[in-house]
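Protein chains: 2
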Amino acid sequence: MANPTTAITPTRSENYSEWYQQVVKAADLAENSAVRGCMVIKPWGYAIWENIQRVLDGMFKETGHRNAYFPLFIPVSFLEKEAAHVEGFAKECAVVTHHRLEVGPDGKLIPSGELDEPLVVRPTSETIIGATYAKWVQSYRDLPILINQWANVVRWEMRTRLFLRTTEFLWQEGHTAHATREEAVEETLKMLKVYAAFAEGWMAMPVIQGSKTDGERFPGAVDTYCIEAMMQDRRALQAGTSHFLGQNFAKASEIQFLDANGAQQFAWTTSWGVSTRLVGAMIMAHSDDDGLILPPKLAPAHVVIIPIAHKPEDLQAITDWTRALAADLRKQSFDGRPVQVELDARDMRGGDKAWSWIKKGVPVRVEVGPRDLAAESVFMARRDRPHKEKVAVKRGEFIAGIAALLQEIQDGLFARADAFRREHTKVIDDAKEFETFFTAPTVAENQPTPIHGGFALAHFCGDPKVEEEVKNRLGVTVRCIPIEDSNDPGKCIMTGAASKKRVIWAKAY
Amino acid sequence: MANPTTAITPTRSENYSEWYQQVVKAADLAENSAVRGCMVIKPWGYAIWENIQRVLDGMFKETGHRNAYFPLFIPVSFLEKEAAHVEGFAKECAVVTHHRLEVGPDGKLIPSGELDEPLVVRPTSETIIGATYAKWVQSYRDLPILINQWANVVRWEMRTRLFLRTTEFLWQEGHTAHATREEAVEETLKMLKVYAAFAEGWMAMPVIQGSKTDGERFPGAVDTYCIEAMMQDRRALQAGTSHFLGQNFAKASEIQFLDANGAQQFAWTTSWGVSTRLVGAMIMAHSDDDGLILPPKLAPAHVVIIPIAHKPEDLQAITDWTRALAADLRKQSFDGRPVQVELDARDMRGGDKAWSWIKKGVPVRVEVGPRDLAAESVFMARRDRPHKEKVAVKRGEFIAGIAALLQEIQDGLFARADAFRREHTKVIDDAKEFETFFTAPTVAENQPTPIHGGFALAHFCGDPKVEEEVKNRLGVTVRCIPIEDSNDPGKCIMTGAASKKRVIWAKAY
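Protein sequence lines correspond, in order, to chains A and B.
Residue 125 in my numbering is what sits at position 125 of the first sequence, and the numbering runs on without skipping anything.
All you need for my numbering is the position in the second sequence, starting with 1, plus 1000.
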């Protein structure tokens, strides 16, 4: 059911999943490649990732971490060292078995030079980094090790979706080693808070910080913490994880040290990561039926200037004027860097230009025609408002107010996402109501497609079998056990057994 | 033959190759990993690479390029499309043949889930990017495409050396497509000039810009241009390449467009890259027998402050004073960013601290003891001068002059490398002299190990067979045909045939 009044077909309410694919396409963010499950991240999508990297990298360094780089390949014998870990990753990894190609009998190239031991393309780097830390750590004086790596990883996913789940993806993985359990737990939670601060402060996406149940824990971790966000289809998306690994990987990799008393100890390690999945989360959290909406703090361009010259004789004056406007805007600062301006001088109709930038999510658009020059003003539109809403603003006012405007848009996106999540989060104390919440069609205005539930805050006894049963019956899982103290003990709505606090149940990406 | 008066054993003159390995180790830059030929880049080494990335990335963007990301894997059938290309890379590539591991009969994990078509881990991305561009390009309006990628690549090298030649390495690869031959040639040369400007302006390493002979060309290129630098053992190191690919890859990948006249044309493409090899080049160009010497513009730290408190009661005052000094230095700016300061508060002897930073190559060291506090001065040493040379400088003067001092050190390193290259570059017009240049031991003062030759500027007819013969006999190759017009036609010193200009012959890394 096409909707001619929106730039994206179908709309969110018509087919959310297909809407997402079309937003990615219309904004020119990424596309599938010829290699199964691997995406091409196009310049506009990659520029968003560069902004994510820049901000997070600064936050990691502020918290005492340094970057390093470890091998892409992991010997199979390394993976095998940690039982839960290999169990979790062996089923979906790219295996390198040969180191050259030679011409086969039919003239085609075939693998040759078989390796003594196959190598796995890293799905995550705990084992190869653990083996390295084991060499670096001798004494408690060598600890802590606080290192991050920006890298590509490969997990052989069967069903892939651009940004959300791809065979190869880009991420950062922090890997730290500590002398005590307390220090490692503190690090795990510190980085969880960094992720939450980034999601809320830069992505404008409210998140719940919590820990995972047994079934959803990282393979090999003692505790997995996560940040969970609600998308516009009310599903949960895990946007970052921070793992307290206890001594599991230290024992597997033999990361040992002499403590201050001369006793041999195993180190305590952590790992934490976010990936290009964040781009998918950002898209789904804010965008509308006209395409991408970018939070200004992560937008590759804050303002696009569209010169509108109907007559050739106006062109030079408009070009000069808009160039000067761009230069003056770039002297303004937003979120610690110069305001980013695109001047769209393409030989194309003004309306087509405007739509291309609407679909790309640029926070502020200004059109400049001959009358605007005369009036020393611009015709301005905000991406967070309906596309027809345009206002004339005096040039000087616009320039002086650009940083405040961008912050207002940033705050508005957060407030909107926060209100949406509150609206679709429900405290539930009854199994029947729980089932209804996740199965009854909730038909809102302009939303013909039934969308179920949202986040259910319900008491849970923690029994993995119960969680499994709910998952199979309703497609709903425990997204996390929120960290904030609810001081609200109660009874599991499934079993009636004691529950320390409410957990978040939801359908998930 | 150990030399107790230097921090690095052996010295350059004793064993240059081993000296290099020891400098890398002493500066804590990188180490070999458990995976054959793959290195671990440690934080100090990676921070240098981050600086290289930051500067080059800015230069690429200044010249109109944007970053994107393409798949790690290349189907074997893609490699096969360009005959010279597959010939060049098939012999040394990591081949992925399976997508999971399963427990084999002996309880060990074995590859499982064989792929229909094997995948190669990218040794370079012309073919996978070409296949993508073919989809993007329809009309001349879609051109040019100016894209760069920061990525890891894998070439199964048999003999590896940290930074200089590793199985996996980090690099950037620019890939552009153009409507005309002229535009593509212009792009190729523009990026060569960017590399030369970076090598000379940031790495403080003079380079010769030139083109490669047939034998040294990139597999599939029409012309390969390069920058060549002289290391301190007088060998040449290729520090960056820029390839004019003609229509070879456009034809292989079917990158076609309708030109302004409605005729179907193949695009003209280029590719250009530099890698973590630059870190190796930088080490070998400047470092001495006390370890690494960093050009200030790429140094992770410009100044290290070493508090010297012999008595515990002095500690607090010195700590406060050095912290304030660090803060004031950070307010100064060098090469467009704040001066980077390390305050070494480790519980360790001052001498040991100083030596650790000498070996790490930090351009300026200051020691601060109780007497310096009283005199409001610091005790300063420069890494480009002998380590015993220290001078007292007034605090205010030191802060005010830090940017100029760093620039002076930067310029001095360039001048030193430039003088060295001039000293060891010889115009040769005679085959016998040529042979002597590359075989006779040249014993300089304090250089007991014979070091041969350097760069020979000699006329060459261009015959690949002659080049091959010289390579086999003397281990010497044509590093490049310099771009600068020499206006100096002559006769090949090997064959007497006509030669348009002199070429650079040298032993090479």
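The set of hints was computed from the structure by calculation and includes no laboratory data.
One or more of the hints may lead you astray.
[Unchecked claim] Pairs of lysine-lysine, DSSO-like flavour, derived with a Cα cap of 27 Å: (1) K135/A <-> K1091/B; (2) K91/A <-> K507/A; (3) K331/A <-> K251/A; (4) K135/A <-> K1108/B; (5) K108/A <-> K1353/B; (6) K1353/B <-> K135/A; (7) K1135/B <-> K359/A; (8) K61/A <-> K1471/B; (9) K1108/B <-> K61/A; (10) K1251/B <-> K1091/B; (11) K1432/B <-> K1394/B; (12) K1432/B <-> K135/A; (13) K465/A <-> K501/A; (14) K331/A <-> K1061/B; (15) K359/A <-> K1061/B; (16) K1331/B <-> K1081/B; (17) K1331/B <-> K61/A; (18) K426/A <-> K394/A; (19) K1359/B <-> K61/A; (20) K81/A <-> K1432/B; (21) K1061/B <-> K353/A; (22) K1025/B <-> K331/A.
Now the hints, each set against the structure:
1. K135/A <-> K1091/B: Distance of about 33 Å is beyond 27 Å: violated.
2. K91/A <-> K507/A: Cα-Cα ~24 Å, so holds.
3. K331/A <-> K251/A: violated (54 Å)
4. K135/A <-> K1108/B: holds (26 Å)
5. K108/A <-> K1353/B: Not satisfied, since the Cα-Cα distance of roughly 59 Å exceeds 27 Å.
6. K1353/B <-> K135/A: Judged against 27 Å, a Cα distance of about 22 Å means the pair holds.
7. K1135/B <-> K359/A: The hint holds at about 21 Å.
8. K61/A <-> K1471/B: violated (48 Å)
9. K1108/B <-> K61/A: violated (40 Å)
10. K1251/B <-> K1091/B: The given pair, whose Cα atoms are some 23 Å apart, holds under the 27 Å limit.
11. K1432/B <-> K1394/B: violated (58 Å)
12. K1432/B <-> K135/A: violated (52 Å)
13. K465/A <-> K501/A: Given that 27 Å is the threshold and the Cα spacing comes to 19 Å, the pair holds.
14. K331/A <-> K1061/B: The given pair, whose Cα atoms are some 19 Å apart, holds under the 27 Å limit.
15. K359/A <-> K1061/B: holds (24 Å)
16. K1331/B <-> K1081/B: violated (55 Å)
17. K1331/B <-> K61/A: holds (19 Å)
18. K426/A <-> K394/A: Judged against 27 Å, a Cα distance of about 46 Å means the pair is violated.
19. K1359/B <-> K61/A: holds (24 Å)
20. K81/A <-> K1432/B: violated (61 Å)
21. K1061/B <-> K353/A: holds (23 Å)
22. K1025/B <-> K331/A: violated (45 Å)
In this structure, the hints that do not hold are numbers 1, 3, 5, 8, 9, 11, 12, 16, 18, 20 and 22, in rising order.
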